[in-house]
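The listed protein sequences derive, respectively, from chains A and B. Per the numbering used here, the first sequence starts with residue 1, numbered consecutively. Per the numbering used here, the second sequence starts with residue 1, numbered consecutively.
Hints in this document: simulated from the structure, not taken from any laboratory. Where hints are given, some of them may not hold.
[To be verified] Pulled from the structure, derived: some chain B residues nowhere near chain A, Cβ distances all over 10 Å:
(1) S61
(2) S94
(3) I139
(4) G191
(5) A207
(6) L281
[As the list claims (entries may be wrong)] Here are the simulated DSSO-like cross-link-like pairs (lysine-lysine), alpha carbons at most 30 Å apart as the crow flies:
(7) B/K109 <-> A/K185
(8) B/K40 <-> B/K461
(9) A/K106 <-> B/K444
(10) B/K34 <-> B/K461
(11) B/K109 <-> B/K444
(12) A/K454 <-> A/K106
(13) B/K444 <-> B/K461
(14) A/K500 <-> A/K185
(15) A/K163 <-> B/K444
(16) B/K461 <-> A/K106
(17) A/K454 <-> A/K57
(18) B/K276 <-> B/K5
Positions of the beta carbon are idealized from the N, C-alpha and C atoms, including for glycine.
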Amino acid sequence: MLLSLMIFVPLIGMIVVLLLPRESEEMIKRVALVFTLVPLIIAVYLFIDYDRTIAGKQFRHGPVPWIEAFNIQYFVGIDGLSVTLMLLTALLGPICVLASWRNIDKGIKAYMALFLLLETGMLGFFAALDLFLFFVFFELTLLPMYFLIGVWGGPRREYAAIKFFLYTLFGSVLMLVALIAVYLKSGDPGARTFEIPELIRLASDPGHALADSTFQMWVFIGFFIGFAVKVPIFPFHTWLPDAHVEAPTAISVILAGVLLKMGTYGLVRINMDMFPEGMAVFANGDGIVGNSLAILGFVNIVYGSFCALAQTDFKKLVAYSSIGHMGFVILGLAAGNELGITGAILQMFNHGVISAMLFLLVGVLYDRAHHREINGFGGLGSRMPVYTGITTLAFMASLGLPGLSGFIGEAFSLIGAFESFPMLTILSTIGIVVGAAYFLWTLQRVFLGTLNPKYEELPEINGREILTLVPLGILVIVLGIWPHFAIEMFSESVVNLTTKMSGILQAGL
Amino acid sequence: MDSLKNIESLLYFIPEILLVVFAAAVIIFDLIVKDRESDKVAYLALVGLGCSLLAILITNSIIGTDEPRNLFFGMIRLDEFAIFFKILLILATSATILFSLRSEELDVKLKGEYFALLLAVTFGMFLMASSTNLLMIFISLETVSLTSYILAGFLTHSPRSSEAAFKYITYGAVASGTMLFGLSLIFGMTGTGDLAEIGERLPEVLASGEVTALGLLIAITFILAGIGYKIASVPFHMWSPDVYEGAPIPITAFLSVASKAAGFALFLRFFYSGFKAPGILDSVDWGLLLAVVSALTMTVGNLAALPQRNVKRLLAYSSIAHGGYLLMGGVLLTSDGLSAILFYLIVYLFMNLGAFYVVILVANDSGSEMIEGFRGLSSRSPLIASAMMIFLISLTGIPPFAGFFGKFFLFKAVIDIDSGFYWLAFIGLLNSVISLYYYARIIKAMYFESADETESFYSTKSALVLLTVFVIPTIFIGFLNIFYSLSGNIALQ
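This is chain A alone, in the form it adopts within the complex:
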């Protein structure tokens, strides 16, 4: 019940916002803030109360029959992975509302309503235990995102919005075919099911149609492309820089912080957990096909990093660095061992926090200078010392400085991947070096050197902005020093996954 409450509180908030008069803008913002704070409180409670010693789903609600003709149920529940990502989502909710407080100049009512709808979609996605429900929540995020980019975005917002929409829809229709195929294979007519735990059980039951490795390979591809567009994995990534550049700050934060994680979460929850046989085809380390997942991770890392190095637009740089960092998640998952998967999941959470910080920081600068050209600044360090300090923290975390959270996730992923794909892993470390290069170079160009006379009057970061950054900064430091705080949440689930994967890989050898 609590979980459902958490998912649908933002939806109730949306209705409340829609009922408020358009003129009372302050009221609308406050209501939106309250309705995003409630899920955060629940998320913190769930995080604390979650029983870390068991791998199964907790806080279940359902299954409640929904569409009986297809045995579709409303069924939610969380494990350590979902609760971590839900905490991230719920944390970014109020932060984004605060970040939108002053810089959304038109239609604040529609903006907040769509944002709250988006939050319901994201929270529901991470909690859904019915494959159909999972898909509905996945798609539910599309429409608000399209409008949020298209109406409140930058100059090329229309192009960016429709590109985002078309790419994601393309991915999700492939997913829909795979989803229907899985449903039809799950049993005889009348006994078919969409229930994820049940499907996972059936798929690992030798002799059942779902366990057939050729079938698993095909549905794996269907789901994989759907999630790959979202992550995004090269070559499906081209919507991301456009969307990020045009989106308003808060929406970039959600996009990088949560929406990309929906892709990788789907890969873990569906592709790895439900179709390990399919996964094994692409990650057994045998030939090009057997290395393909790791190769995609590697390409993402190197390609994303080099692209970031070439950018002069601050926001585009952060966007490409996201592509690079998501590559570590793919690499870690491809490794299929405990260290790799733990690293990948950590990296998901850490990247959510760090990239959210980075986009917020870019937004702070943009609100003041009205451009994002890296070479157009210089010497801001003397003018805005607090801002410079926080930015440096975020940069260091993102480039993987030990002691901050980014390091742990990347290191675990790489160490895990080294066992399985040593050569690719060594090559992937290029990404880290390049990452350090572009962040340090940006730091130098924006904050060091002589102050550009145009910006002598630039105001320092204000209290509201600091308020949005501080919780994220604390998480970056805490997770850097004490990663166990997050790892213990999902270690049981990871053990589960790795035993399954290693069982299949050994059987194949």
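Go by the hints and put chain B onto chain A.
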């Protein structure tokens, strides 16, 4: 199964009789009433539809759940399937009449004829949904076609409308001639016009070698020309964009929903009751034929819709594409496919009529049907804009709106285990992605662009109420079990 004689049948034929009576009453009333501006004629037509609906519900309770009746010596059949379509058609016609009242294009002088013709075409469609004899099938099809030609050309002052009627009639004549030839071939092969008997005899004559599979294939292809023309499937779709563009918008809406639904009723009854026996399916593979037609129809419809700037024409192509999606449910000739088509028709009725209604409102305001008229609609009338957005997203097939559930149902029917039609589902889904692009152009105009004019949008309270009638089902049908069981329980023998 016994069939009822003529006089006995009349009892079950009351809904149809009422339509004819009211059509005549509308004409007479129009002669008597002096006030040309008054809407009374239209309300009389609505009363007629209401009475007919009541009569349908009564016949439904008489035949109960599993006791279909064959009327007029087996010419037409009253079963749940027919009743389903009759109710659907009544809803579509009622909506069309209400739309016509709002539309400012129509000539007030011809009101009487207009509404009488709408009742007459509904009568024809009732017959299409219930005919079980080749002869009756042809007659019902012609009744609908002839009245539709006049309705399409109803804007007497508009050359476009006359062109539409002319194109419609030319294509229609060729298509129905071809179909008649196909029907006569079938009659020649089996010696009977009754669909059920055809279904029994065809396997025998095929087995005995009297009829070759090729001959049957040719006959069926000819018949498909007639049916394909009604549902606007490739390659018999060419009339529809011009006709849809030229006809008055309410009639366009009517043709794209009611005419298509009636066409599907005919198609389903024809194939499900006449040509489903294993003996036939073994020798001629309709499945593949229909699958190819379905794939072409949706692809051609969607690709042609992409460059359109006239929203009416755009929706015309989109409705061709939707014909393709619907056909997908029929390729396997399974009961699951039948339910999926019926379910999608319910959803399609609401979302497509709703979209056309918004086009009427915008055309009333801006005087044109071009996409420019939609610019900045979100700020001029947020309610209408959000309603249109819901219809368009639902037509694309994105959750949480009903269109998604309808498509899901269709795709599930076509992917059914080991059918080998994964490719068709795949093409269908890619088409959904394509369709998003042009639907989103309207959304873009409404939400991302600013209005050319600053005047407030002209609409009335009652218009908004009528709009809500379409919005609410478009949002909720997918969530309600009743619609799944409704469409799932209907079977064809």
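Results for each hint:
no.	hint	in the structure
1	S61	holds (24 Å)
2	S94	holds (28 Å)
3	I139	holds (36 Å)
4	G191	holds (38 Å)
5	A207	holds (31 Å)
6	L281	holds (20 Å)
7	B/K109 <-> A/K185	violated (61 Å)
8	B/K40 <-> B/K461	holds (20 Å)
9	A/K106 <-> B/K444	holds (17 Å)
10	B/K34 <-> B/K461	holds (28 Å)
11	B/K109 <-> B/K444	violated (39 Å)
12	A/K454 <-> A/K106	holds (28 Å)
13	B/K444 <-> B/K461	holds (26 Å)
14	A/K500 <-> A/K185	holds (21 Å)
15	A/K163 <-> B/K444	holds (13 Å)
16	B/K461 <-> A/K106	holds (27 Å)
17	A/K454 <-> A/K57	violated (56 Å)
18	B/K276 <-> B/K5	holds (28 Å)
In the structure shown, a violation is registered for the earlier hints numbered 7, 11 and 17, in ascending order.
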